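A.B. asks: As a plain string of letters, each chain reads:
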Amino acid sequence: MRDEVWFPYVIWNSTIDDLDNDNLKSYVYQKVDEEKINPPLGKPNQPWHSIDLIVEENIEVKKLVDRLNEKMYTICEDVGLHPVQLYDIWANVNPPGVSNQLHAHIPSIFSGVYYLDAEQGQGDIIFERNDGGETCLPVLVKEPSPFNQKSITYKSETDLCYIFPGWFKHRVTENTSKKDRLSISFNYGA
Amino acid sequence: MPLHTELWFPSPIWSGKFFNVDNDVLKKFAYEQKERDTGVAISNVGGWQSRAIGKGFCTSIDQLVDNLDREFNEVSKQVGLPQLEVYNIWININPKGAVNLTHDHMGAVMSGVYYVQAEKGNGNIKFERPDDARYYLPTPPDNKWTYFNTQVCEYASLTNAVYLFPAWLPHRVEQNLIDKDRISVSFNYGMKNNA
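Protein chains in written order, with numbering that gives the first Met the number 0: chain R, 0 to 189; chain F, 0 to 194.
Honestly, the hints are just simulated from the structure, not real lab data.
Keep in mind it's a predicted model, so treat the numbers as computed, not measured.
Hints should not be assumed to be uniformly reliable.
[To be verified] With a straight-line Cα cutoff of 25 Å, these simulated DSS-like cross-link-like pairs (lysine-lysine) come out: (1) F:K125 with R:K141; (2) R:K149 with F:K76; (3) R:K149 with R:K24; (4) R:K141 with F:K95; (5) F:K76 with F:K95; (6) F:K191 with R:K70; (7) F:K54 with R:K149; (8) R:K177 with R:K30; (9) R:K177 with R:K141; (10) R:K24 with R:K141; (11) F:K27 with F:K76; (12) F:K191 with F:K179; (13) F:K76 with F:K119; (14) F:K143 with F:K33; (15) F:K95 with F:K179.
[Said to hold, decoys possible] What follows is a set of in silico ranges between Cβ atoms, one per label pair, in the way DEER data are often shown: (16) F:E34 with R:R170: 54 to 60 Å; (17) F:K143 with R:E55: 30 to 36 Å; (18) R:E118 with F:Q174: 53 to 59 Å; (19) R:V4 with F:V44: 26 to 32 Å; (20) F:R133 with R:D51: 36 to 42 Å; (21) F:E34 with R:H102: 41 to 47 Å; (22) F:G55 with R:E3: 20 to 26 Å; (23) F:A155 with R:E133: 26 to 32 Å; (24) R:E133 with F:K76: 20 to 26 Å; (25) F:Y134 with R:E118: 33 to 39 Å; (26) F:A155 with R:H102: 35 to 41 Å; (27) F:Y134 with R:R170: 17 to 23 Å; (28) R:T134 with F:K16: 29 to 35 Å; (29) R:K177 with F:R133: 40 to 46 Å.
Ideal Cβ positions, reconstructed from N, Cα and C, are used throughout, including at glycine.
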């Protein structure tokens, strides 16, 4: 029989290894200091994220957005969409012990994350299916496949970048290390 | 580093044709059933849907199930599922004007349809995307729909065609616009008790 695949959830991954992550890290902590109205860093069980970053404010953020724009152009070509533009971009600091609850990025078409300081044990990103398959598929399967899984885990590691549809629900597991996990998230739309 | 693309949780649709099912026998059986039973109303509007047909009542349906067992065995291996078995199978007769509203087959793992008598204008089957993307995705350039950006995909209803799909995939049947009945057999497959 012939098979055709429809409506998949897609994850694009790549490495961005030409950014000065030390510079980015200093910039993020500067934002933490500036944004006193947000929950203070280190408060138990509270991830911190910045308000929208001003792209031109930091050369490394600008470079990151340039890289992302290139990737987004390729992705839109591949999936048959008009080019998208950056909606917003923000920094995240997950101190030890914190996690992020399941969420989607309404109403962006694409969302993603770049890890500027992350390693094993600091919290993986878990994507969960929401198409009905999670209720119909058997609980236990012997051979995991993209078809039969109910969730998929991607590791967080410095320089890695993941891009995914804005409607793809995801969460971040607990940071079980003793140091902060730093990332930059972004949304793109029409 | 170049982008690496990974597709997760896809909705595959398998298509093929069965030529070893005696459609004349099945058609005769279908109309006999319709004569003696009012059937059930589920997604069908204006059409007749039988109750579940058991094994041994119609040789053509038994042959169809043999074919489906073989195909689902292959499909299960392909997607990493345990062996599946038929849960239920039923006949649909859609006369002119009949439609089937959007529905899914929750409770089963895989579902499908085989066309005993169908042709252009009889009402194609349309599968709708099962996620939230409809709230996010814009119209593509030049209305060029792809596996990623489309909200719906359409498959022709044609005699001998068979389509297999995940049970949770919402689908509907377009209105039968012609004077000839559209006759199909639908089925659900699920986990074997001992799998």
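A.B. asks: Next step is simple, just say for each hint if it's right about the structure.
C.D. replies: Each hint tested on the structure:
Among the hinted pairs, K125 of chain F with K141 of chain R is inconsistent with the structure: their alpha-carbon atoms are about 32 Å apart, more than 25 Å. Distance restraint check for K149 of chain R and K76 of chain F: the Cα-Cα separation of roughly 18 Å lies within the 25 Å cut-off, and the hinted pair is therefore satisfied. Only pairs whose Cα atoms come within 25 Å are accepted, and K149 of chain R paired with K24 of chain R is rejected, the gap being roughly 34 Å. For a cut-off of 25 Å, the pair hint linking K141 of chain R to K95 of chain F is broken: about 46 Å separates their Cα positions.
Among the hinted pairs, K76 of chain F with K95 of chain F is inconsistent with the structure: their alpha-carbon atoms are about 39 Å apart, more than 25 Å. Proximity of K191 of chain F to K70 of chain R is assessed by CA-CA distance (about 45 Å); at most 25 Å being required, the pair is judged violated. The straight-line distance between the Cα atoms of K54 of chain F and K149 of chain R is roughly 34 Å, outside the 25 Å bound, and the hint therefore fails. For the given pair, K177 of chain R sits about 21 Å from K30 of chain R by alpha-carbon distance, which is consistent with the 25 Å threshold.
With a CA separation close to 36 Å, the supplied pair K177 of chain R and K141 of chain R exceeds the 25 Å bound. With a C-alpha separation of about 42 Å, the suggested pair K24 of chain R and K141 of chain R falls outside the 25 Å cut-off, and the hint is violated. Simply put, K27 of chain F and K76 of chain F have alpha-carbon atoms about 35 Å apart, too far for the 25 Å limit, and the pair is violated. The suggested pairing of K191 of chain F with K179 of chain F is violated, with an alpha-carbon distance near 38 Å, which exceeds 25 Å.
The straight-line distance between the Cα atoms of K76 of chain F and K119 of chain F is roughly 33 Å, outside the 25 Å bound, and the hint therefore fails. With a CA separation close to 42 Å, the supplied pair K143 of chain F and K33 of chain F exceeds the 25 Å bound. The hinted pair formed by K95 of chain F and K179 of chain F meets the criterion: a straight-line CA distance of about 7 Å does not exceed 25 Å. At about 56 Å, the beta-carbon gap between E34 of chain F and R170 of chain R stays in the expected band of 54 to 60 Å.
A C-beta distance of roughly 35 Å is found between K143 of chain F and E55 of chain R, which places it inside the suggested range of 30 to 36 Å. For the pair E118 of chain R and Q174 of chain F, the beta carbons lie near 58 Å from each other, so the given range of 53 to 59 Å is met. One distance hint, 26 to 32 Å for the beta-carbon pair V4 of chain R and V44 of chain F, holds here, with the actual separation near 30 Å. The beta-carbon spacing between R133 of chain F and D51 of chain R, approximately 27 Å, falls outside the hinted interval of 36 to 42 Å.
For the pair E34 of chain F and H102 of chain R, the supplied restraint of 41 to 47 Å is violated, since their beta-carbon distance comes to about 55 Å. G55 of chain F and E3 of chain R have their C-beta atoms about 34 Å apart, which leaves the hinted 20 to 26 Å range violated. Look at A155 of chain F against E133 of chain R: about 30 Å separates their beta carbons, and that is inside 26 to 32 Å. A hinted range of 20 to 26 Å for the beta carbons of E133 of chain R and K76 of chain F is consistent with their spacing of about 22 Å.
The hinted window of 33 to 39 Å between Y134 of chain F and E118 of chain R holds, with their beta carbons roughly 35 Å apart. At about 40 Å, the CB distance of A155 of chain F to H102 of chain R agrees with the hint of 35 to 41 Å. Remark: the range hint 17 to 23 Å for Y134 of chain F to R170 of chain R is upheld by a beta-carbon distance near 20 Å. Taken as a hint, the range 29 to 35 Å holds for the pair T134 of chain R and K16 of chain F, whose Cβ atoms sit roughly 31 Å apart.
At roughly 44 Å, the beta-carbon separation of K177 of chain R and R133 of chain F lies within the given 40 to 46 Å, and the hint holds.
Checked against the numbered hints listed earlier, the structure breaks hints 1, 3, 4, 5, 6, 7, 9, 10, 11, 12, 13, 14, 20, 21 and 22; every other hint is satisfied.
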